[in-house]
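Asks: The residues making up each chain are set out below.
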Amino acid sequence: MMSFFSTSRIIQVGNNLELLFILAKRDISVRYKQTILGIVWAIIKPIATMLVFLFAFKNVSNIHDLGGYPIQLVIFSGILFWNFFANAFQFSSNSILTNSNLVSKVYFPRIIIPLSAISVPFIDFLVGFFIYFILSYSLNYSISYTILFLPVAFFFLLLFSLGLGLIFSSFAIRHRDFLQIIPLIVQYGFFITPIIYTSNEIISKSWFKYYLLINPLVGLVEFFRFSLIKGYHILSFFDFFISCALSLIVFILGLVIFKFKEDTFVDHL
Amino acid sequence: MNSIVSVSSISKKYQLPPTKKLVSDSIINKIFTKNKFEEYWAVKDISFNLNKGDKLGIIGNNGAGKSTLLKILSKITKPTTGKIDIQGKVASLLEVGTGFHPELSGRDNIYLNGAILGMSKKQITQQFDEIVEFAGDQIIKFLDTPVKRYSSGMYVRLGFAISAHLDPDILIVDEVLAVGDADFQKKSLGKMKEVASKEKTILFVSHNLTAVANLCNKTLHLEKGCVKQFGETGEVLNNYLSAMQNNLLLQNYDDINSAPGNELVRLKYAKLTPSLIENQLIADVRSSLKIDLEFWNLIDNQNLNISLHIYASTGECIFNVGTVPELLQRGIVQASLTIPSYFLNDGNYLVSFMVVKDKSIVLYNFEEVFNFEIADYREETTWYGKWPGYVRPQFDFPIQQVSQKL
Numbered sequence: 001m002m003s004f005f006s007t008s009r010i011i012q013v014g015n016n017l018e019l020l021f022i023l024a025k026r027d028i029s030v031r032y033k034q035t036i037l038g039i040v041w042a043i044i045k046p047i048a049t050m051l052v053f054l055f056a057f058k059n060v061s062n063i064h065d066l067g068g069y070p071i072q073l074v075i076f077s078g079i080l081f082w083n084f085f086a087n088a089f090q091f092s093s094n095s096i097l098t099n100s101n102l103v104s105k106v107y108f109p110r111i112i113i114p115l116s117a118i119s120v121p122f123i124d125f126l127v128g129f130f131i132y133f134i135l136s137y138s139l140n141y142s143i144s145y146t147i148l149f150l151p152v153a154f155f156f157l158l159l160f161s162l163g164l165g166l167i168f169s170s171f172a173i174r175h176r177d178f179l180q181i182i183p184l185i186v187q188y189g190f191f192i193t194p195i196i197y198t199s200n201e202i203i204s205k206s207w208f209k210y211y212l213l214i215n216p217l218v219g220l221v222e223f224f225r226f227s228l229i230k231g232y233h234i235l236s237f238f239d240f241f242i243s244c245a246l247s248l249i250v251f252i253l254g255l256v257i258f259k260f261k262e263d264t265f266v267d268h269l
Numbered sequence: 001m002n003s004i005v006s007v008s009s010i011s012k013k014y015q016l017p018p019t020k021k022l023v024s025d026s027i028i029n030k031i032f033t034k035n036k037f038e039e040y041w042a043v044k045d046i047s048f049n050l051n052k053g054d055k056l057g058i059i060g061n062n063g064a065g066k067s068t069l070l071k072i073l074s075k076i077t078k079p080t081t082g083k084i085d086i087q088g089k090v091a092s093l094l095e096v097g098t099g100f101h102p103e104l105s106g107r108d109n110i111y112l113n114g115a116i117l118g119m120s121k122k123q124i125t126q127q128f129d130e131i132v133e134f135a136g137d138q139i140i141k142f143l144d145t146p147v148k149r150y151s152s153g154m155y156v157r158l159g160f161a162i163s164a165h166l167d168p169d170i171l172i173v174d175e176v177l178a179v180g181d182a183d184f185q186k187k188s189l190g191k192m193k194e195v196a197s198k199e200k201t202i203l204f205v206s207h208n209l210t211a212v213a214n215l216c217n218k219t220l221h222l223e224k225g226c227v228k229q230f231g232e233t234g235e236v237l238n239n240y241l242s243a244m245q246n247n248l249l250l251q252n253y254d255d256i257n258s259a260p261g262n263e264l265v266r267l268k269y270a271k272l273t274p275s276l277i278e279n280q281l282i283a284d285v286r287s288s289l290k291i292d293l294e295f296w297n298l299i300d301n302q303n304l305n306i307s308l309h310i311y312a313s314t315g316e317c318i319f320n321v322g323t324v325p326e327l328l329q330r331g332i333v334q335a336s337l338t339i340p341s342y343f344l345n346d347g348n349y350l351v352s353f354m355v356v357k358d359k360s361i362v363l364y365n366f367e368e369v370f371n372f373e374i375a376d377y378r379e380e381t382t383w384y385g386k387w388p389g390y391v392r393p394q395f396d397f398p399i400q401q402v403s404q405k406l
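Note that the protein sequences, when read in sequence, are chains A and B. Taking my numbering as reference, the numbering of the first sequence is continuous, increasing by one, and the terminal residue is 269. Taking my numbering as reference, the numbering of the second sequence is continuous, increasing by one, and the terminal residue is 406.
Any given hint might turn out to be false.
Taking lysine to aspartate or glutamate and the DMTMM-like style, the derived pairs with C-alpha atoms no more than 20 angstroms apart in a straight line are [what the hints assert, rightly or not]:
{"#": "1", "chain 1": "B", "residue 1": "44", "chain 2": "A", "residue 2": "263"}
{"#": "2", "chain 1": "B", "residue 1": "75", "chain 2": "A", "residue 2": "65"}
{"#": "3", "chain 1": "B", "residue 1": "78", "chain 2": "A", "residue 2": "65"}
{"#": "4", "chain 1": "A", "residue 1": "25", "chain 2": "B", "residue 2": "133"}
{"#": "5", "chain 1": "B", "residue 1": "83", "chain 2": "A", "residue 2": "201"}
{"#": "6", "chain 1": "A", "residue 1": "25", "chain 2": "B", "residue 2": "137"}
{"#": "7", "chain 1": "B", "residue 1": "78", "chain 2": "A", "residue 2": "262"}
{"#": "8", "chain 1": "B", "residue 1": "268", "chain 2": "B", "residue 2": "278"}
{"#": "9", "chain 1": "B", "residue 1": "121", "chain 2": "B", "residue 2": "133"}
{"#": "10", "chain 1": "A", "residue 1": "209", "chain 2": "A", "residue 2": "177"}
Simulated from the structure, these hints should not be mistaken for laboratory data.
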């Protein structure tokens, strides 16, 4: 029996990490190939989405702030959050199928594929985050110490998106019906999660505390905004904790299902 | 001696879905019926052991389970039952250029493909120049061009060059010898032999018996997913070849009513006989092939001729040859044809023939009357790649030196 920390094992883990990075690099460098604007698209897309909602809110519905916080910041942070979730979830769910040529011809730990698929949404997120800073300062809204929580909030968002992606990719290989569900979740989830509004609008509803248990994204997005927007504090730390714990459970569940199914992926491709 | 590869009774089951139905139907089926899937064993109860340095050739017809076995051995898929124990680093080459991304440059793809095949970045960097050199001069100019702009030859050469520089303990190869032009094949075979001479264990699937005989000390013959024979290459190949020869290419019908055909013509007898010279066990490119056909003609006074087609296994028609039309009466009609030696190249072929009335009306098309294989044969060769083309003529083609001046 090879011991867990034997040299060959360490070399193997090292090689797998290298493979992960090189696949991530491949996805990133291919993403904006043959475009003129390149990475600028990662800036244009969330700004365009925000402008559309600003137009609708300010000019059509005559809404000028959300729960007392600048509408631009609430919406932009929501979109930033949602875009990462949507893309990470979608890309990782599809990743095994889009890389079927690799899966059917070479062996390496399959988990590398969905992990590397998250690289592109991650880069988009970093770019968007930078834009958020500019936006925040231009509205004279400084960043507070709560920004220190951002890595935590983001980490659990990552776990949740990836966990869901692992579950869907495991099942979608055999039953492509799952691929049909993904756009529905991404489309409708956007409206039933406080992305372009805040929890303030729904917190008083009797079903809200149950809703928090079904949709961890509610707690996560508020945690995310809590860390980004100065003075923003709608849900309690306990609520954040519940959502983070749920995300962890989804992630572990995803890992277990993926592990269980990965040996036979190729038989159903 | 310790085995480096030990395979004990592995089997792999696939479930074939039942015949396709409408969507609604299939949902209803899934709810109300259980397990309508048909089971299919791609490989069944395969066991063998290899020692360090063994070179194993895996042979068998299409559908014998060779590819499935390779996939199981390279851990791409898991066997339904059984155990595999492999000691050491495995690299599997089931395809040339696995994971090449068309948008990325040749340089990026070397790193990408190398990493996918299990090389570390350091190893690739160390061997980068060698890889490029091996792939050929042409590649150097195009190193920073996306590989989607490469010719297919360049693409394959680059892919092979990377895999040739892997350094695993156990190498699993699926017919990658058959890549590139003749020149490059020579080079890759040289590389294979160099690899083989080292203390390396190789598992090699091939249709090319000559290559197996030359490279491998052990051979595994698969038939319908099971081990037909495993042992020393010479012995296994001999048995394999004689088994193929016993496969008579004959159709003979005594009962006119159950014979293939229709109310106008029915097949009575069809036989394909290859000519075999000394020690030869199966038809190869040296053999001439004699085809004898007999059919019952059921109508009087017809002007009939036979039109015979030979198809490659890929479906292209190689040629069509016809008899002259003849005025024929009810009874038995006979025709025979000889295909000369060194005409068909090695490969699998199908024969069908039709009986034609008045040069234009097809009375009946007898499809797939024979299905036969022609083996390769070469003397004193150093090159084992697939000989290209469907025909293998030996035309007079003299070469001579006309001057020694430059």
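Asks: Are the hints correct? Go through all of them and say.
Replies: A quick look at each hint next to the structure:
1. For the given pair, residue 44 (chain B) sits about 18 angstroms from residue 263 (chain A) by alpha-carbon distance, which is consistent with the 20 angstroms threshold.
2. Restraint check: the Cα-Cα separation between residue 75 (chain B) and residue 65 (chain A) comes to about 57 angstroms, which exceeds 20 angstroms; the hinted pair is violated.
3. For the hint linking residue 78 (chain B) to residue 65 (chain A), the alpha-carbon distance of about 57 angstroms lies beyond 20 angstroms, and the restraint is violated.
4. Between residue 25 (chain A) and residue 133 (chain B) the CA atoms are separated by roughly 25 angstroms; this puts the pair beyond 20 angstroms, and the hint is violated.
5. Restraint check: the Cα-Cα separation between residue 83 (chain B) and residue 201 (chain A) comes to about 59 angstroms, which exceeds 20 angstroms; the hinted pair is violated.
6. The straight-line distance between the Cα atoms of residue 25 (chain A) and residue 137 (chain B) is roughly 28 angstroms, outside the 20 angstroms bound, and the hint therefore fails.
7. Straight-line distance between C-alpha atoms of residue 78 (chain B) and residue 262 (chain A) comes to about 9 angstroms, which keeps the hinted pair within the 20 angstroms bound.
8. Among the hinted pairs, residue 268 (chain B) with residue 278 (chain B) is inconsistent with the structure: their alpha-carbon atoms are about 32 angstroms apart, more than 20 angstroms.
9. Distance restraint check for residue 121 (chain B) and residue 133 (chain B): the Cα-Cα separation of roughly 18 angstroms lies within the 20 angstroms cut-off, and the hinted pair is therefore satisfied.
10. In summary, the hint linking residue 209 (chain A) to residue 177 (chain A) is not supported, as the alpha carbons are separated by about 31 angstroms, beyond the 20 angstroms threshold.
Checked against the numbered hints above, the structure breaks hints 2, 3, 4, 5, 6, 8, 10 and satisfies the rest.
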